Every structure is written in structure tokens, then in C-alpha cells.
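**Q** Guided by the hints, dock chain B onto chain A, whose structure is given.
Protein chains: 2
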Amino acid sequence: MPPTPARITAVDTYDIRFPTSRELDGSDAMNPDPDYSAAYVVLRTDAEPGQEGHGFAFTIGRGNEVQTAAVHALRHHVVGRPVREVCDDPATLYRDLVGDSQLRWLGPEKGVMHMAIGAVVNAVWDLAAKRAAKPLWRLLAEAEPEWLAGQIDFRYLTDALTPDEALDLLRRGREGADGRTARLLETGYPAYTTSPGWLGYDDDKLTRLAARAVADGFTQIKLKVGADLDDDLRRCRTARAVVGPHVRIAIDANQRWDVPEAIRWTNALAEFGPYWIEEPTSPDDVLGHAAIRRAVAPVKVATGEHVQNRIVFKQLLQAGAVDVVQIDAARVGGVNENLAVLLLAAKFGVPVCPHAGGVGLCELVQHLSMFDYVALSGTTEDRLIEYVDHLHDHFVDPVVIRDGHYMAPTAPGFSAAMRPESIDRYTYPGGTFWAADLDTTEGRAA
Amino acid sequence: MPPTPARITAVDTYDIRFPTSRELDGSDAMNPDPDYSAAYVVLRTDAEPGQEGHGFAFTIGRGNEVQTAAVHALRHHVVGRPVREVCDDPATLYRDLVGDSQLRWLGPEKGVMHMAIGAVVNAVWDLAAKRAAKPLWRLLAEAEPEWLAGQIDFRYLTDALTPDEALDLLRRGREGADGRTARLLETGYPAYTTSPGWLGYDDDKLTRLAARAVADGFTQIKLKVGADLDDDLRRCRTARAVVGPHVRIAIDANQRWDVPEAIRWTNALAEFGPYWIEEPTSPDDVLGHAAIRRAVAPVKVATGEHVQNRIVFKQLLQAGAVDVVQIDAARVGGVNENLAVLLLAAKFGVPVCPHAGGVGLCELVQHLSMFDYVALSGTTEDRLIEYVDHLHDHFVDPVVIRDGHYMAPTAPGFSAAMRPESIDRYTYPGGTFWAADLDTTEGRAA
Numbered sequence: 001m002p003p004t005p006a007r008i009t010a011v012d013t014y015d016i017r018f019p020t021s022r023e024l025d026g027s028d029a030m031n032p033d034p035d036y037s038a039a040y041v042v043l044r045t046d047a048e049p050g051q052e053g054h055g056f057a058f059t060i061g062r063g064n065e066v067q068t069a070a071v072h073a074l075r076h077h078v079v080g081r082p083v084r085e086v087c088d089d090p091a092t093l094y095r096d097l098v099g100d101s102q103l104r105w106l107g108p109e110k111g112v113m114h115m116a117i118g119a120v121v122n123a124v125w126d127l128a129a130k131r132a133a134k135p136l137w138r139l140l141a142e143a144e145p146e147w148l149a150g151q152i153d154f155r156y157l158t159d160a161l162t163p164d165e166a167l168d169l170l171r172r173g174r175e176g177a178d179g180r181t182a183r184l185l186e187t188g189y190p191a192y193t194t195s196p197g198w199l200g201y202d203d204d205k206l207t208r209l210a211a212r213a214v215a216d217g218f219t220q221i222k223l224k225v226g227a228d229l230d231d232d233l234r235r236c237r238t239a240r241a242v243v244g245p246h247v248r249i250a251i252d253a254n255q256r257w258d259v260p261e262a263i264r265w266t267n268a269l270a271e272f273g274p275y276w277i278e279e280p281t282s283p284d285d286v287l288g289h290a291a292i293r294r295a296v297a298p299v300k301v302a303t304g305e306h307v308q309n310r311i312v313f314k315q316l317l318q319a320g321a322v323d324v325v326q327i328d329a330a331r332v333g334g335v336n337e338n339l340a341v342l343l344l345a346a347k348f349g350v351p352v353c354p355h356a357g358g359v360g361l362c363e364l365v366q367h368l369s370m371f372d373y374v375a376l377s378g379t380t381e382d383r384l385i386e387y388v389d390h391l392h393d394h395f396v397d398p399v400v401i402r403d404g405h406y407m408a409p410t411a412p413g414f415s416a417a418m419r420p421e422s423i424d425r426y427t428y429p430g431g432t433f434w435a436a437d438l439d440t441t442e443g444r445a446a
Numbered sequence: 001m002p003p004t005p006a007r008i009t010a011v012d013t014y015d016i017r018f019p020t021s022r023e024l025d026g027s028d029a030m031n032p033d034p035d036y037s038a039a040y041v042v043l044r045t046d047a048e049p050g051q052e053g054h055g056f057a058f059t060i061g062r063g064n065e066v067q068t069a070a071v072h073a074l075r076h077h078v079v080g081r082p083v084r085e086v087c088d089d090p091a092t093l094y095r096d097l098v099g100d101s102q103l104r105w106l107g108p109e110k111g112v113m114h115m116a117i118g119a120v121v122n123a124v125w126d127l128a129a130k131r132a133a134k135p136l137w138r139l140l141a142e143a144e145p146e147w148l149a150g151q152i153d154f155r156y157l158t159d160a161l162t163p164d165e166a167l168d169l170l171r172r173g174r175e176g177a178d179g180r181t182a183r184l185l186e187t188g189y190p191a192y193t194t195s196p197g198w199l200g201y202d203d204d205k206l207t208r209l210a211a212r213a214v215a216d217g218f219t220q221i222k223l224k225v226g227a228d229l230d231d232d233l234r235r236c237r238t239a240r241a242v243v244g245p246h247v248r249i250a251i252d253a254n255q256r257w258d259v260p261e262a263i264r265w266t267n268a269l270a271e272f273g274p275y276w277i278e279e280p281t282s283p284d285d286v287l288g289h290a291a292i293r294r295a296v297a298p299v300k301v302a303t304g305e306h307v308q309n310r311i312v313f314k315q316l317l318q319a320g321a322v323d324v325v326q327i328d329a330a331r332v333g334g335v336n337e338n339l340a341v342l343l344l345a346a347k348f349g350v351p352v353c354p355h356a357g358g359v360g361l362c363e364l365v366q367h368l369s370m371f372d373y374v375a376l377s378g379t380t381e382d383r384l385i386e387y388v389d390h391l392h393d394h395f396v397d398p399v400v401i402r403d404g405h406y407m408a409p410t411a412p413g414f415s416a417a418m419r420p421e422s423i424d425r426y427t428y429p430g431g432t433f434w435a436a437d438l439d440t441t442e443g444r445a446a
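Chains A and B, in that order, are what the protein sequence lines are.
For reference, each letter of the first sequence is one residue, going 1 to 446 in the working numbering.
For reference, each letter of the second sequence is one residue, going 1 to 446 in the working numbering.
Bound-form chain A, shown alone (with noise of 0.2 Å):
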């Protein structure tokens, strides 16, 4: 009898939530008193030990456990697989996940289903990088064309993108990649960081932590706007007074603006130069955001943690719409329908600086940039990976930033894994710190 493969045997689940709101981190325009959550999932398998797949969606409090029971939705897909062929082809998985037909009903594509499905998916990658035991980034950059090609779903993305054109696109960007690996691992990966303009920071506070992260070496910082056109006026001189001239002020309204209202709003604030305006609206108008862009050049327009999947991402590069595509690690279908996105914006030309911050979210999209540095677009030039300092030592391979770089992860896997002892202390609401706390507020965090 030939021996039994090796199988995914569960699909395990975690509400883990931090009380992030009590420091007004995080705070924007449209999301006053964010409480960092994360529905965490654990692929366990009877491989050798410590053969796991970590992933996670990122919420933001409330609702994590609807995203949790999303995840858990999806387990009869996962339990039973082999792990070799789940780690050979993620895309049969993926493919699987997106379409169950009757789950399907619930996005289709986006969403808290959807979302679900980019925490399974990734860890089916952070599973396979640690088989093939290499940081995933340098999988991705280290893979055969055809076989990343192979990774993509080019359902609804034809018009714009075709299977040989993608391919092509993967050849090309291998040419020279061994020289980037090395620059790459040599100096890390540009970042800009948003830490010093949370809105419900003060000015002392903004001055202090603009300051100190010109002296850290970032290039570009990034303001929450969009509650009061005042208060950001003085913001975004007081921020260009700290950084001078030469440093990049981007500013995210966060969702907060109809099209007309983001035209003035932004045109109001542009003698202090902001490099981009990130989320002027809606994440769902494509046609606002061309009218928003052809309206307010030269600044240029961002968006994209909210935006719901490639066919999405796909109409802002027909439309003309945006001058940044912000993928996020965690928001639409997993690694492989970043992929897709990936080659979407290399095709348009279009730069790619991901959104990160969150629960993890720095340490998962680092390893796209990197692979998109290496083996894609082949170039950093106006492309930065934002970084926030949050909760990264909640994570067993936390990012590490030096000089305004994100230095390239080493350890094999998507730097997804959570710390057991944070697990078991953020768990809601059964987990120590929640069970402490809500003994003494009572209802507090409900």
C-alpha cells in the first residue's frame, strides 16, 4: 500500500480583536474609534509539525465575528485536501472557493464572503512557502511564468487582459531579476508611513511624529483628512512646515466625499502640495474617480484597500481613474487575485502602492511588492509600501523597517503567523485581556 498523503485536516477559526480605539489609533474621517481585529484561520495538517497555513481578514471590531463564521463557511472546500496538490495549485482551491455556486449568492466576489476567501487563500500560500521554505515573496519571484499565469482567474478581466498577454508580461519582468534580489535584499523596499497623521492626533502630536519620521528616513507621509476643511488646512501646513519641501505629503479622505465635494475639498488643500488624494470617494464609483482625477491633476488620485476585486481595479485602469493602485493583502480574493491585480496595473503602467497597516497587513503585502519589484514591474520608481507602526509585535516575523525600507523578510512562509500568547490574550471574548475587560465594563466592548 503506498503511503497516505499528506492532508488538510482543519480549517480552525479566531475572532481576535485589539482595543485599539482607546488610543484614537487609526482614527479617519470615516472611521472615528477602529478596534484592529483580525478573523484569524489555521489550515492544520497531518504533515511533519509545524506544517501550518496561517491567514486572516482584517476587520475593524464589530463584525469580526460574522467574518469568522464567513471562514468557517468555507471549510468542507479545505478539510480532506492533500497538502502537495493544494501547494502545487492554489488556483484549484481558489478556483473552488470562488465558485461554490450557492455561496457565490452572497458576493458574488466581495464582501465579507470574499474576504473569507483571500484569509484561506493566503494561507494555502503561507502553507506552501513554508513547504518550499522560502519567504513567499521569493516564491512568487522564483516561479515559472506559465505556472504564475496559471495562478490567475482571468474571469471578467479578458477585455483588458488576456491569458498570453499576462504571460508576456511574466517573462519580461523575469529579465534581470536576480540583480533586483540582491538590491532588494541588499536595501529593502521604499516605505512611507501614515503613523504621524491619524485625525484624532493633535498638532504636538503631528509635529512630533512628522519630525521623527523625516529623522527615521521616510520620504513621503501620508494625513487623514476630510471631517473639517479647516482643521485640514492647518494640518497640512503645519505637517509641510516639519517636512519641508522636499518630503511627500499624501492625504486620504478615506471615503468620506461625493465627486463634486472631493474636487473642491482637494483643490482647497493644494497649496500645500499633496502628492496624492487617497480615497476621495466612494471605493465603488470608477466613473467618480476619472471625474475627481481629470478634475484635481496635478495631484494625484489613490484608492484601492476597499476596492472588491480585480473586475473593479480592472475599470479604474480602463476608465483612467486612478495615478496609484492600492492593493491590499487581505481584502479581495488572496495572493492569487493580487496577482491579477498585479499584472492589471503593469499593464496600464500604473504604479502599485499597497495600503497596509491593520492587524498584519504590512507584514502580508510586503512579500507582493517585493515579488512585484523583482519578477513584474522590475521597478521602486514612485512606489512605496505604506507602513504603520501598529501591533506588529503581535506577529512571530514582524516587518523590520530600516532607513524608510521595509527589509526583505527571510523566513519561509507570508510572515502571516500570530504569536500563540497574543492569540490567546486577544481571542474575543473569551481570551484573557477581553474576559478581564469586559468582568469590568460590562458591555463596554459589545
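Some clues are possibly wrong.
Just a sample of chain B residues kept apart from chain A, beta carbon distances all over 12 Å, derived [what the hints assert, rightly or not]:
#: 1; residue: ARG7
#: 2; residue: VAL66
#: 3; residue: ASP100
#: 4; residue: TRP105
#: 5; residue: MET113
#: 6; residue: GLY150
#: 7; residue: ASP168
#: 8; residue: ASP228
#: 9; residue: ARG234
#: 10; residue: ARG310
#: 11; residue: GLY378
#: 12; residue: HIS405
Anything over 10 Å on all C-beta distances counts as not near chain B; from chain A, calculated [said to hold, decoys possible]:
#: 13; residue: GLN51
#: 14; residue: ILE60
#: 15; residue: GLU261
#: 16; residue: THR281
#: 17; residue: HIS405
#: 18; residue: TRP434
Coverage of chain B stretches by chain A, computed from C-beta distances (three or more under 8 Å per stretch; other residues unrestricted) [claimed, not checked]:
#: 19; region: 27 to 41
#: 20; region: 85 to 98
#: 21; region: 204 to 218
#: 22; region: 248 to 259
#: 23; region: 398 to 404
To be clear, the hints were calculated from the coordinates, so they are not data collected in a lab.
In this text, all values refer to a predicted model and were calculated from it rather than measured experimentally.
Backbone N, C-alpha and C define an ideal beta-carbon position, used for all residues, glycine too.
**A** Just chain B now, with coordinates in the frame of chain A:
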């Protein structure tokens, strides 16, 4: 002491599933085996007995527990609210639900969380109409234009529809309303039927049901297409031979195609004179629908049952991407958001032909079209409500179809209430049907 006002005391949820997949009812190119389901909600009150609000999100089986959990996650916004306040101004609750800054991250305004909001909001309108002792269509048709305009969230719409324009449309819509109410009560609202055209039905069943549809007075039928072109050619030929040249045949691809494929396939079926092609591609693809519409005219393009919110409907209209707007009563954020979509359609002069079928979608959406006829668009020209003869017997006030028309409901409310014995029988997995079924077919419906 003044008397305590009546309040909403509970948000009770039920996971209800019907085993429709066993008969291939509802089968199409993307949904081969749906089990029509409802995440059903009852708003309990301490007002006089019987003052309850009923609503639901429609799903097609697996994942209905996630949808139900999402409705449950909204209860803190609802329980304890005074009944009169909520019913006098449903917009306040609607805005609070859409605006929950933490839950918003799970959409925003799309997918599972947004459908949950729709279920709760619709239940409020059911309660409000019962308290007003009117069927919902009549409550809306007789409401003051200023109040109706106040029910709409114009966020992200003002580049296409301003509050003043909406008010103007509503005021003009009221002219002649009494005459239209009388005509509606006499002859009803035109319907078309999808019952003959499910993809899983053989040609004999298609022939028999198409002939019966014509005999029953329907002037339009709909066929599912998109799985196999030869089959579609044969089925369209068969249907056209049965119904003759004057009955309209709509075709529906249920999102099966990419843009180039949609154009090729639709044009290949053009010889049978299809009236519209429905859901030719992803509901997220505004630009794709616009390209298809340009290439398949004079065949019309219809979509909407999976369109996530008013922002995407806005763009479909702005881009000239659709000839027919297909609202769905249970996909977007309830009556309030559907009022916005009806107003957008009126502004752009595009007819609304609602999606229905499923569980109770006919019962709900008839109210919206009847309001539109009496007090907004003022016409039924080129407008029909979809009709499917499934599952109506589970409702307390089922739709009444006569000579191819929906007869106007006269019972107070939104026709949303399911019969208690149906709830008891089909609650999953503990209801009497499922308990017995799961007992004998262990795991079959897991």
C-alpha cells in the same frame, strides 16, 4: 408619569432553507443547484399584539448561516428603539446601520453585511405599513414628496442626482396619481414569467411551460442561456416556435461570460429576436456592460439583481450601460436604497423591470414597482415585474397573478411574513423537514 412608548424588543433571526435543488427549479448557467433560502428576521415589539416587522435576505443555500449571523450583528442598533420613531422615519435607522463605522469595513455597502441591513430595513417598512394600515406600495405612493426625499441617502449620488432633482421628480410623479391607483387596483401591474426557461428543464418541459405562459396571458417569457451555445440555439428556436413572433423572449446568462464572449454569444442568438440579454457579465463591470450594449443593439442589456448598491446603479446609468434596470428587493439596503435607484432610473429615463423569484422576492418587489407606477415614473410602458411560480404558498399574503399581471396587494404591510408552519418546518437544521432529512441523508445537505 407619561406612558412608556412602545419599543422594539427583539430582533429574532431564522435560517430558513427550502430543498429546491432536488427539482432543478431555479437552475441556470451559474447556479446549477440552488436551495432557495432566507435569512429571515422578525422585529418584535411591545406594542399591541401583532405589531411585528418581517423581512429577509434571500440566499441560495450554503452560507445562509453567515447571512443570518450578519442580521444578528445589527441588533444593537435596533433593540430598544421606540416603534413610532423608527416607523415615522425609517431613514434614521437606515443611516445608522449603513454608517456603523466598524461594520462598514465589512462592505462597505455590499455583500453579506449590506443584505443584512436590507433585511432589517425592509422589516421596519413592513412594520410601518402595518401601523399605517396600508400595503407598502400605497404608503409610499401617498407619502409627501418631501418626506420621501428625506428617506434617501444621497451620499455618493450628488454628481448624478441632487436632493432638489429628486424632490422635483417626486412632486411631478404625484400628478395624476389617483387615476393610476384606480387603474392599478383594477388591472394590476404587468408581469413576465421565467418559469419555462430554467436551464435544467428539457425541451418538452420548456415547450409545455412556454405554451402555458402564453395561455396564461404573459406577453414576455425568459430563458436561461450561457452554458452551451448549441443548446441555447435549439432552446431559443423551440421557444420562439411555441410563443410566436409577438411574445417577447428575454434571455439571461447569469454573469456567465466575459465581455467579448457576451458579444459573440448574444449576437449568435440574435436571429431569434431576444428582447434583452440579462446579466451578460459580472454585475460589477459597468464599463463591460457599456461595451456589450454598444455591440449587441438592438438587443437590450439588462442587469441589477446582483448590483450591490445605488453607487453602481448610478454608474450603469451614467455610462449608458443598461436599457433595463433590474432592482431586487433584498440585495441592496432595503426600501430606502431602492427608492434612490428608482429615482436614478426616473432621472435617466430608463425603465425598471425588477428581478424576482427566489423566496418571497415577488411578494416584496411588487410594492416598489407599484409605487413607481402610481407616484414616480407614472407609466408601465416597457416595464414588467419578473414572476416565478415558486414557494409562494409559504407566505401569509402571497402574490396574486391574473392574466399576466400582479394584482395590487391590499393587506397592510410589505407582504413579507412567512407562514409560521413553514418557518417551523424549514428552519435549518432543526426544523421538522431538515431534522428528518438530515437524519436519513446524513451529510447530504451539509
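**Q** Against this structure, judge whether each hint is valid.
**A** These are the hints, each one checked on the structure:
1. ARG7: Holds, since 18 Å exceeds 12 Å.
2. VAL66: violated (5 Å)
3. ASP100: violated (7 Å)
4. TRP105: violated (5 Å)
5. MET113: Violated: least Cβ distance 6 Å, not greater than 12 Å.
6. GLY150: holds (18 Å)
7. ASP168: holds (19 Å)
8. ASP228: Holds, since 17 Å exceeds 12 Å.
9. ARG234: holds (24 Å)
10. ARG310: violated (9 Å)
11. GLY378: It holds; GLY378/B is separated from chain A by about 28 Å at its closest Cβ, greater than 12 Å.
12. HIS405: holds (29 Å)
13. GLN51: holds (27 Å)
14. ILE60: For ILE60/A, whose nearest Cβ neighbour in chain B is about 5 Å away, the distance does not exceed 10 Å, so it is violated.
15. GLU261: violated (8 Å)
16. THR281: Nearest chain B Cβ is 6 Å from THR281/A, so the label is violated.
17. HIS405: The claim holds: HIS405/A sits with its nearest Cβ about 29 Å from chain B, beyond 10 Å.
18. TRP434: About 16 Å separates TRP434/A from the closest Cβ of chain B, which puts it past 10 Å; holds.
19. 27 to 41: holds (count 6)
20. 85 to 98: violated (count 0)
21. 204 to 218: violated (count 0)
22. 248 to 259: holds (count 3)
23. 398 to 404: As far as the region 398 to 404 of chain B goes, the hint is violated, because 0 residues have Cβ atoms under 8 Å from chain A.
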